[in-house]
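There are 2 protein chains.
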Amino acid sequence: MGGGEKRDRGAFGFSNMGFVAVNAVLLSRLLYERGVRYDCSEMHSGGLFFEGEGKECKNEGVHLNTSPSKPPALTSDTHKSSVPSDTVINFDHGDPTLFIPFWRRTGESSTIVIKGWQSMSYFSDIKSVCWFLEPGLADSILQLHHLVGNAETEGRHIVVGTGSSQLFLAAVYALAPRDTKEPISVVGAAPFYSSYQAASDYLRSEVFRWAGDAYAFERERVGGEERPYIELVTSPNNPDGFTREAVVNGSMGKIIYDFAYYWPHYTPITSPADKDIMLFTVSKSTGHAGTRIGWALVKDLEVAKRMTMFIVLNTIGVSKDSQLRAANILRTVISSYERKGGIIMGRGAYENFFKHGHELMSKRWERLRQAVDIHKRFSLPEFPSAFCNFLGRPSSTQPAFAWTKCEGDEIEDCEAFLKSHNILTRGGRSFGWDPKYVRISLLDTDSNFDIFINRISNIN
Amino acid sequence: MGGGEKRDRGAFGFSNMGFVAVNAVLLSRLLYERGVRYDCSEMHSGGLFFEGEGKECKNEGVHLNTSPSKPPALTSDTHKSSVPSDTVINFDHGDPTLFIPFWRRTGESSTIVIKGWQSMSYFSDIKSVCWFLEPGLADSILQLHHLVGNAETEGRHIVVGTGSSQLFLAAVYALAPRDTKEPISVVGAAPFYSSYQAASDYLRSEVFRWAGDAYAFERERVGGEERPYIELVTSPNNPDGFTREAVVNGSMGKIIYDFAYYWPHYTPITSPADKDIMLFTVSKSTGHAGTRIGWALVKDLEVAKRMTMFIVLNTIGVSKDSQLRAANILRTVISSYERKGGIIMGRGAYENFFKHGHELMSKRWERLRQAVDIHKRFSLPEFPSAFCNFLGRPSSTQPAFAWTKCEGDEIEDCEAFLKSHNILTRGGRSFGWDPKYVRISLLDTDSNFDIFINRISNIN
Chain C
1 MGGGEKRDRG AFGFSNMGFV AVNAVLLSRL LYERGVRYDC SEMHSGGLFF EGEGKECKNE
61 GVHLNTSPSK PPALTSDTHK SSVPSDTVIN FDHGDPTLFI PFWRRTGESS TIVIKGWQSM
121 SYFSDIKSVC WFLEPGLADS ILQLHHLVGN AETEGRHIVV GTGSSQLFLA AVYALAPRDT
181 KEPISVVGAA PFYSSYQAAS DYLRSEVFRW AGDAYAFERE RVGGEERPYI ELVTSPNNPD
241 GFTREAVVNG SMGKIIYDFA YYWPHYTPIT SPADKDIMLF TVSKSTGHAG TRIGWALVKD
301 LEVAKRMTMF IVLNTIGVSK DSQLRAANIL RTVISSYERK GGIIMGRGAY ENFFKHGHEL
361 MSKRWERLRQ AVDIHKRFSL PEFPSAFCNF LGRPSSTQPA FAWTKCEGDE IEDCEAFLKS
421 HNILTRGGRS FGWDPKYVRI SLLDTDSNFD IFINRISNIN
Chain W
1 MGGGEKRDRG AFGFSNMGFV AVNAVLLSRL LYERGVRYDC SEMHSGGLFF EGEGKECKNE
61 GVHLNTSPSK PPALTSDTHK SSVPSDTVIN FDHGDPTLFI PFWRRTGESS TIVIKGWQSM
121 SYFSDIKSVC WFLEPGLADS ILQLHHLVGN AETEGRHIVV GTGSSQLFLA AVYALAPRDT
181 KEPISVVGAA PFYSSYQAAS DYLRSEVFRW AGDAYAFERE RVGGEERPYI ELVTSPNNPD
241 GFTREAVVNG SMGKIIYDFA YYWPHYTPIT SPADKDIMLF TVSKSTGHAG TRIGWALVKD
301 LEVAKRMTMF IVLNTIGVSK DSQLRAANIL RTVISSYERK GGIIMGRGAY ENFFKHGHEL
361 MSKRWERLRQ AVDIHKRFSL PEFPSAFCNF LGRPSSTQPA FAWTKCEGDE IEDCEAFLKS
421 HNILTRGGRS FGWDPKYVRI SLLDTDSNFD IFINRISNIN
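In order, the protein sequence lines correspond to chains C and W.
Mapping of the first sequence onto UniProt numbering: position 112 corresponds to residue 112, and the numbering continues sequentially without gaps.
Mapping of the second sequence onto UniProt numbering: position 129 corresponds to residue 129, and the numbering continues sequentially without gaps.
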């Protein structure tokens with residue numbers, strides 16, 4: 001079921017207009033869906049379920065002007081058996097709340113204190129190409145990649161963004177030719193990340209334009225010369241979790257690699273990625289989505305400058321507070337490991353984030369495969385195992401999302417089918433694929449995941 | 001010299017292409033100018049001046065995993081007399097570092113502590129139209145407007161943005177028609193904020209397009225009907241500080257009000273602004289530019305939804321950490337005041353931000369006017385005084401920027417003239433105006449302002 005699989009394009013080869021409509025629905029649903037179960041932080045001992053206007057979801061645990069205090073006790077899971085079957089659970093989005101209990105246990109080591117007078121300036125380091133990048137974050141990023149071994153950092157410029165979504169737009173902008181009226185084509189091999197098209201096209205830019213599935217992309221020639229294009233390669237891929245390479249392979253192609261999921265808890269780290277433009281984010285690496293911090297490792301100075309310029313025009317830089325916090329979160333991860341004779345070891349007294357994350361994802365995939373196996377109404381991708389250099393042993397691929405197919409001829413629309421069982425997922429169409437497929441987030445809270453497994457097990 | 005002044009358009013009525021070129025130069029300078037004096041936080045007791053590769057400018061004062069500690073002592077100002085005359089000072093950008101000493105004195109009341117497990121989710125409050133808006137920030141925004149009396153909040157939706165620059169784009173996107181191929185015209189009365197054009201046009205959107213000076217805008221008719229347009233009204237205006245209203249007054253106009261400077265330290269608060277779309281930002285209200293938090297008060301629900309959708313497509317929400325911090329900063333301001341018999345009073349034990357800010361700006365304008373008066377090489381705008389409801393007394397306008405004219409026929413380009421005296425400013429052309437004018441930031445540190453006044457006083 002990887003990108004190379006043969007597909008009947010007639011069944012799901014939608015026009016651009018079709019995609020726009022689908023994405024508008026998707027966004028509107030993401031924004032305004034009501035009556036869903038949403039558990040902000042697993043903190044709430046009651047009132048988890050709501051209908052109608054939705055549930056208030058405050059960050060009640062934030063303490064101001066105080067020393068770090070004892071974290072609140074975990075909610076007991078005894079309420080689970082009483083979850084009504086008509087309560088909707090939302091596994092459409094990849095909100096990484098499963099990592100909250102881990103970070104709660106880290107206590108003060110991951111806490112940040114910012115004084116009222118700090119980080120007031122627009123500027124962080126005017127020596128840096130990306131002058132709004134906090135030097136402490138740059139240091140932590142380099143150290144983390146060095147520890148994990150998932151990316152070459154030598155000779156790269158770091159550009160920080162408000163999440164990797166802003167960096168994706170910045171990179172497309174930076175790579176687009178400046179001197180043509182015709183927008184550059186942006187493609188990705190289907191199934192591709194559902195936001196790429198909407199993010200590329202919502203401003204109807206004459207600089208770049210989404211051109212759909214990279215497999216279907218026909219390279220254009222103008223005056224005997226091939227026209228430039230941009231290919232997005234998400235590896236491991238969102239939604240399906242497979243490792244990927246570029247597929248168009250034209251002479252004028254520029255490639256943006258989205259490595260949001262190239263971390264040891266999701267996939268074996270087989271070698272350091274060594275590409276011209278590589279995107280990462282704390283949303284999926286450590287689970288801090290609310291912090292909105294992503295970074296790009298960029299080889300070419302001019303591209304890094306253009307990306308920086310995009311971010312200045314778009315948001316005049318990136319939150320300093322979140323950069324400082326992200327730096328501290330990364331340092332907490334880094335400091336729980338040490339190298340002994342070239343081997344990466346966890347420090348005894350600390351819990352190791354990637355080890356914990358790997359175990360979490362392993363268990364979730366194991367439970368999901370068991371549940372799916374009962375009635376065989378669904379199928380899941382099978383992944384090869386590989387040696388993970390970071391873990392120092394063979395490891396399986398266990399993606400953040402389960403790219404799931406509804407089996408049997410009677411179900412044409414898997415998303416609608418699961419919705420009828422009060423499970424919200426994102427259907428194949430949003431990814432340029434067959435509606436018999438859905439993407440299911442495996443990053444939600446333990447209690448929601450339990451409900452999900454229970455429901456899936458009982459669908460006959 | 002207000003927006004209504006007669007001008008010789010031939011001298012500075014540049015074409016759109018000309019503007020793009022100017023803005024590219026401006027941006028490139030903002031990004032990569034070297035050899036400028038830059039004092040990050042007034043913390044550094046030495047090494048303030050540099051040439052060549054620029055100076056490292058770290059947020060050295062940020063403390064992690066510690067209780068709030070004693071702020072470092074202020075740098076002595078004894079070094080001033082030794083500043084070499086060839087050291088460049090950069091008053092081009094409006095970096096609000098003059099407020100750092102105030103916030104240093106607030107100590108723990110403005111300090112925020114964020115634990116590693118908090119604010120990890122994309123979501124803040126799914127009951128809100130803007131579901132990534134932190135409820136605590138929404139509360140603080142409402143309380144602050146209620147205290148200051150500068151905006152009606154009744155019946156408004158709050159949309160939070162990564163600074164007001166993102167909100168400006170979100171608002172333009174939200175107001176643009178969805179069903180036409182032709183981009184909607186976006187105009188502002190010259191002199192207009194220098195970033196509006198670049199921010200509107202860098203993606204060459206078919207949704208909206210910068211159409212220049214609102215005074216020169218000719219409303220179009222299609223099939224007997226007037227075409228919609230968007231007018232940006234910045235009041236008080238950046239660069240000139242004057243209070244403004246819309247000037248086009250067409251039947252199909254939609255207006256975005258940028259009230260970034262409608263705060264008591266810059267201008268008298270004469271009545272609560274009561275417009276359909278109003279933009280504010282902490283960058284200029286409290287001086288926390290690095291936090292990148294702005295907000296919009298929006299009357300129409302559909303417009304608020306579209307703005308939210310823009311921000312989701314652009315950056316999937318706004319940093320939670322900065323929202324929490326901004327909420328705490330606003331609370332610190334609010335809690336230093338109390339109402340007694342309908343009158344707003346400062347609480348005895350606290351320093352009041354707006355009172356302090358007002359005094360700071362008053363002193364700076366007084367010194368600037370005195371310096372300019374010596375040789376009369378420059379002229380400054382004159383502002384009417386008005387009763388400020390917040391201060392409870394007549395108050396003068398004392399803008400964040402000094403919109404300064406080089407007098408005399410021999411100086412055509414005031415920016416170049418000041419640059420020859422090692423003072424970087426932003427020339428009139430960037431604002432759609434005469435190059436005999438420059439915008440000078442009055443928000444820099446005390447020590448840089450002293451150097452500036454000294455230099456200006458000595459230009460004969």
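Be a bit skeptical, because a hint or two may be false.
Copies of the same chain look alike in the list, so a pair counts if it fits in one copy or across any two.
Computed list of lysine-lysine pairs in DSSO-like fashion (alpha-carbon distance at most 30 angstroms, straight line) [claimed, not checked]:
no., residue 1, residue 2
1, K405, K181
2, K376, K340
3, K363, K127
4, K115, K376
5, K363, K299
6, K340, K305
7, K181, K254
8, K127, K419
9, K363, K115
10, K181, K363
11, K115, K355
12, K127, K355
13, K419, K305
Hints are computed from structural coordinates only; laboratory data are not their basis.
Comparing the hints with the structure gives:
In this assembly of identical chains, the alpha carbons of K405 and K181 never lie at most 30 angstroms apart, being 42 angstroms within a copy and 39 angstroms across copies at closest. In this assembly of identical chains, K376 and K340 lie within 30 angstroms of each other by CA distance neither inside one copy nor across copies; the values are 46 angstroms within and 71 angstroms between. Proximity of K363 and K127 under a CA criterion of 30 angstroms is satisfied in neither setting, with 46 angstroms inside one chain copy and 33 angstroms between copies. Proximity of K115 to K376 under the C-alpha cut-off of 30 angstroms is found in neither arrangement, the shortest distances being 56 angstroms within a copy and 43 angstroms between copies.
Taking the shortest Cα distances, K363 and K299 never come within 30 angstroms of each other, neither inside one copy (38 angstroms) nor across copies (48 angstroms). Proximity of K340 to K305 under the C-alpha cut-off of 30 angstroms is found in neither arrangement, the shortest distances being 38 angstroms within a copy and 53 angstroms between copies. Proximity of K181 to K254 under the C-alpha cut-off of 30 angstroms is found in both arrangements, the shortest distances being 19 angstroms within a copy and 29 angstroms between copies. For a Cα distance limit of 30 angstroms, the shortest separation of K127 from K419 across copies, 21 angstroms, qualifies, whereas the shortest one inside one copy, 52 angstroms, does not.
Taking CA atoms no more than 30 angstroms apart as the test, K363 paired with K115 passes between copies only; the shortest distance there is 27 angstroms, against 41 angstroms inside one copy. Taking the shortest alpha-carbon separations for K181 and K363, neither the intra-copy value of 52 angstroms nor the inter-copy value of 51 angstroms comes in at or below 30 angstroms. In the homo-oligomer, the alpha carbons of K115 and K355 lie at most 30 angstroms apart only across protomers (21 angstroms), although the nearest pairing inside one protomer, at 33 angstroms, exceeds that limit. With identical chains, the CA atoms of K127 and K355 are never at most 30 angstroms apart, being 37 angstroms at best within one copy and 36 angstroms at best between copies.
Taking the shortest Cα distances, K419 and K305 sit within 30 angstroms of each other only across copies (24 angstroms), while inside one copy they are farther apart (45 angstroms).
Hints 1, 2, 3, 4, 5, 6, 10, 12 from the earlier list are contradicted by this structure; the remaining hints agree with it.
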